[in-house]
Amino acid sequence: MQTSHLTRLASIQHFNLIKRSLTRPTGPVLRKLIASDASPTTNYVRTTCEFRFASTTTSSSNDGQNSHDEEQKKKNITNLMYLAGAVTGLGAIYTIFQNRKSSKEKQDAVSAYDTKQLKSQHADDKLDASKKTLVEKVGDLQDRKLLAEEEQPVELSKTDLTPVIPSFAQYLIIGGGTAALSAFKSIRAHDATAKVLVISSEKYYPYMRPPLSKDVWYTDDDNLLNQYMFKQWNGQEKSLFVFDNEFYADVKTLNDEENGGVGVVLGRKVVNLDLKTSVAKLDNGWEISFEKCLIATGGQPKSLKVFQTASNRLKSKLTLYRGIDDFFALKKVVDSGADVTIIGGGFLGSELACSLAHRATENGKRGNPNGKITQLMPEAGNISKVLPEYLSKWATERVRDEGADVLTNVELVGASVVQDGKVSLSYIDPQNPKKTSYITSDHVVVAVGIEPNTDLAKSAGLEVDPDQGGFLVNAELQARHNVWVAGDAASFYDINLGRRRVEHYDHAIVSGKLAGENMTGAHKPYWHQSTFWSDLGPKVGFEAIGLTDSQLQTVAVYAKGKPTDEEQKRDSEGNREQQDVAPEATANDLKHKLPESKGNLDKDDYSKGVVFYLKENKVVGIVLWNVFNRIAIARKIIKDQQEITNFQELAKLFNIHQD
Amino acid sequence: MSFCTKEGNGKDRIMFLTKDDLSSPSTIRHKEDEAFDPWEPHGLILPNGSINWDCPCLGGMASGPCGLVFRRAYTCFHNSSSQMKGSECMSDFDALTKCFAKYPKLYGSKDKSNSPTDATTSALADGINTPK
Numbered sequence: 001m002q003t004s005h006l007t008r009l010a011s012i013q014h015f016n017l018i019k020r021s022l023t024r025p026t027g028p029v030l031r032k033l034i035a036s037d038a039s040p041t042t043n044y045v046r047t048t049c050e051f052r053f054a055s056t057t058t059s060s061s062n063d064g065q066n067s068h069d070e071e072q073k074k075k076n077i078t079n080l081m082y083l084a085g086a087v088t089g090l091g092a093i094y095t096i097f098q099n100r101k102s103s104k105e106k107q108d109a110v111s112a113y114d115t116k117q118l119k120s121q122h123a124d125d126k127l128d129a130s131k132k133t134l135v136e137k138v139g140d141l142q143d144r145k146l147l148a149e150e151e152q153p154v155e156l157s158k159t160d161l162t163p164v165i166p167s168f169a170q171y172l173i174i175g176g177g178t179a180a181l182s183a184f185k186s187i188r189a190h191d192a193t194a195k196v197l198v199i200s201s202e203k204y205y206p207y208m209r210p211p212l213s214k215d216v217w218y219t220d221d222d223n224l225l226n227q228y229m230f231k232q233w234n235g236q237e238k239s240l241f242v243f244d245n246e247f248y249a250d251v252k253t254l255n256d257e258e259n260g261g262v263g264v265v266l267g268r269k270v271v272n273l274d275l276k277t278s279v280a281k282l283d284n285g286w287e288i289s290f291e292k293c294l295i296a297t298g299g300q301p302k303s304l305k306v307f308q309t310a311s312n313r314l315k316s317k318l319t320l321y322r323g324i325d326d327f328f329a330l331k332k333v334v335d336s337g338a339d340v341t342i343i344g345g346g347f348l349g350s351e352l353a354c355s356l357a358h359r360a361t362e363n364g365k366r367g368n369p370n371g372k373i374t375q376l377m378p379e380a381g382n383i384s385k386v387l388p389e390y391l392s393k394w395a396t397e398r399v400r401d402e403g404a405d406v407l408t409n410v411e412l413v414g415a416s417v418v419q420d421g422k423v424s425l426s427y428i429d430p431q432n433p434k435k436t437s438y439i440t441s442d443h444v445v446v447a448v449g450i451e452p453n454t455d456l457a458k459s460a461g462l463e464v465d466p467d468q469g470g471f472l473v474n475a476e477l478q479a480r481h482n483v484w485v486a487g488d489a490a491s492f493y494d495i496n497l498g499r500r501r502v503e504h505y506d507h508a509i510v511s512g513k514l515a516g517e518n519m520t521g522a523h524k525p526y527w528h529q530s531t532f533w534s535d536l537g538p539k540v541g542f543e544a545i546g547l548t549d550s551q552l553q554t555v556a557v558y559a560k561g562k563p564t565d566e567e568q569k570r571d572s573e574g575n576r577e578q579q580d581v582a583p584e585a586t587a588n589d590l591k592h593k594l595p596e597s598k599g600n601l602d603k604d605d606y607s608k609g610v611v612f613y614l615k616e617n618k619v620v621g622i623v624l625w626n627v628f629n630r631i632a633i634a635r636k637i638i639k640d641q642q643e644i645t646n647f648q649e650l651a652k653l654f655n656i657h658q659d
Numbered sequence: 001m002s003f004c005t006k007e008g009n010g011k012d013r014i015m016f017l018t019k020d021d022l023s024s025p026s027t028i029r030h031k032e033d034e035a036f037d038p039w040e041p042h043g044l045i046l047p048n049g050s051i052n053w054d055c056p057c058l059g060g061m062a063s064g065p066c067g068l069v070f071r072r073a074y075t076c077f078h079n080s081s082s083q084m085k086g087s088e089c090m091s092d093f094d095a096l097t098k099c100f101a102k103y104p105k106l107y108g109s110k111d112k113s114n115s116p117t118d119a120t121t122s123a124l125a126d127g128i129n130t131p132k
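So the protein lines, in turn, are chains G and X. Residues in the first sequence are numbered consecutively from 1, following full-length UniProt numbering. Residues in the second sequence are numbered consecutively from 1, following full-length UniProt numbering.
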């Protein structure tokens, strides 16, 4: 440091500042520092002190100066001293702060050492501290240093610092159902090292929903069910989970995996989607930025107005049936011998009516408690949105054959819990609204459809279909350049059949697969028609494809004469999945048993046939009624979109009399 | 003898036809399909010779944790032109077997009907073992 510099500092009225800093306990601080093991500070302090003394001595040896200069010099020296002291003090304070972290540990170590020393003082071979040799003193210092170092804070490993959920996803999938599964399977097939992050609100890994209203209720092995497995019609055991947990990568280390993988986060929901920044926010506040995103949020079961003001007691006797937990809860109810009423006449309601009636009957056969199964619906027959009225009514008879009591043309108007704990349901016939009827039940299952989960539309700024619900996407299932939607929640453009939203399993598979492929760079539109199926007990089943709206004009051809009676059943995925495998090859190819007693020569025997749905004389949809393995033919007819006038000729293609 | 009826205010037509009514070949002619429609799903081998890893017949084998290993092995097998097809791919198949062993529940034995490997591994095994 230059003397002139110091003087300059002093003259710029820093004098007061220096004076103030010197009145602070700089002295005691300095003394403490020297006493401690802060060797770098000690050295620094020593050198500055030396400097100070040196400067004082050199300055005072000048004689050839007039008194004014000398006085000035003395003043300068004093200033110098003050400044040096201040700087040293500041430096000391700085070093203290630097050492603060380790000083506590060192204090602890030192105190530990001191107590050790105190203990050793009682030892026989105690040494007077003052008589210690230099070697011993150095040894003591080294011990103290080692003790201090042992008290180091725990080193944090990379794993500890990595968050549980990554903050970035190459492919983000919102939803963990069938469409999501099909998508990540496809993404990984087309992008071999893809890193896919799935955010699912379920507490289970992706599972199949169709067996939950069919196969599981026909599985008589409770141990098997508790392992989330069921028996198919052919006796083969299958898991509800599409892939074993081993398929999935560890979410935490997903982005570090060289070969990528699929990580699934369970029990979390995406509550906000910002497409300006490509960031998804979870319900716990965590944010994930993504490159590409698939929305596969599915839908939520709808309820009825009647139940919206339900008391907690009533709510405990109510099931909005959708997932695995709903199954286990309802199974417990059914097995306890409870009377169960199903509200809704669609696929889920009808299948459940058959399945529950079957289980109740089986329970009864084994001498176990069994209750009555009832189904209520406002329509004239089961699955009336798809089946033409006459067929829908015939289907209702088949459900009654299974043992369920079906009440058609009734509208639920009230529900309450009565004194003995049962549920009282009041209903009316809309044709005769003044008369209210009652039915008591122990438990109620609501199966009146689902509402697509489009909560994210607002934050993401995505369009929602006002007519059909769901996110509006184009023919390639795209909503934005990096956002796709598949499954129940997608309102998409079907090149052949127009804008649609489909809530079937196979559609989730097909659309998920397509979206996944397009996410990896393909540009394919929805083209391969998905199918759907239903089984109303083991005796009635159908496969369908295309637009099968019962409000359309229909032409149906039924087999007349005694058809060949063979067992006809289907696997848990509707025997559709293995499209590329020859249909007759698989062991899953099971069949339904046809009702023999229902008078094959009867005029109203609709036991086997094909129903064509028409729009402007073109076939837009087909239902194969108890006719199996012909879906490819049906698909071709719809794809061709030719005008048909002779349906007998068209029916010939299906060979309905033969299995 | 067949007959027709009309239900639902004439909207839904119903026909009851006997086996004889439907026995003769149909006069309906399907439209010609394109030789290779890029929008249609394809089997395991695409018309240009490459392998369709998204084929449902693979049951997700190319998508899972052993995906890359599987692809290497199967590509080698597919491109193999030797008399015993796949004979030069033993090291790849070895690696594949090792990978399968790491995920026993996923690529397990035939007991677990859920494993995606059954059809594929048996097909591959047959392919290697049977001399062509």
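No lab work stands behind these hints, which were simulated from the structure alone. Only a predicted model underlies this, so the values are computations on that prediction, with no experimental measurement involved. Take these hints with a grain of salt, some might be off.
[Claimed, not checked] Quick list of in silico lysine-lysine cross-link-like pairs, DSS-like style, CA-CA up to 25 Å: (1) G/Lys639 x X/Lys11; (2) G/Lys615 x X/Lys31; (3) X/Lys105 x G/Lys652; (4) G/Lys137 x G/Lys158; (5) G/Lys393 x G/Lys435; (6) G/Lys393 x G/Lys332; (7) G/Lys305 x G/Lys137; (8) G/Lys615 x G/Lys652; (9) G/Lys231 x X/Lys105; (10) G/Lys372 x G/Lys524; (11) X/Lys105 x G/Lys393; (12) G/Lys393 x X/Lys31; (13) G/Lys524 x X/Lys105; (14) G/Lys636 x X/Lys19; (15) G/Lys281 x G/Lys332.
[Stated by the list, open to error] Derived DEER-like restraints, expressed as beta-carbon distance ranges: (16) G/Asp549 x X/Gly49: 41 to 49 Å; (17) X/His42 x G/Asn432: 34 to 42 Å; (18) G/Glu258 x X/Glu40: 28 to 36 Å; (19) G/Leu146 x X/Met90: 51 to 59 Å; (20) X/Glu40 x G/Ala192: 17 to 25 Å; (21) G/Gln658 x X/Thr97: 27 to 35 Å; (22) G/Asn226 x X/Phe3: 47 to 55 Å.
Note that CB positions come from ideal geometry on N, CA and C, so glycine has one too.
Practice task
Run the structure past the numbered hints and jot down the numbers of the failing ones, going up.
Solution key: Hints 3, 4, 6, 7, 10, 11, 12, 13, 15, 17 and 21 are the ones this structure does not satisfy, whereas the remaining hints hold.
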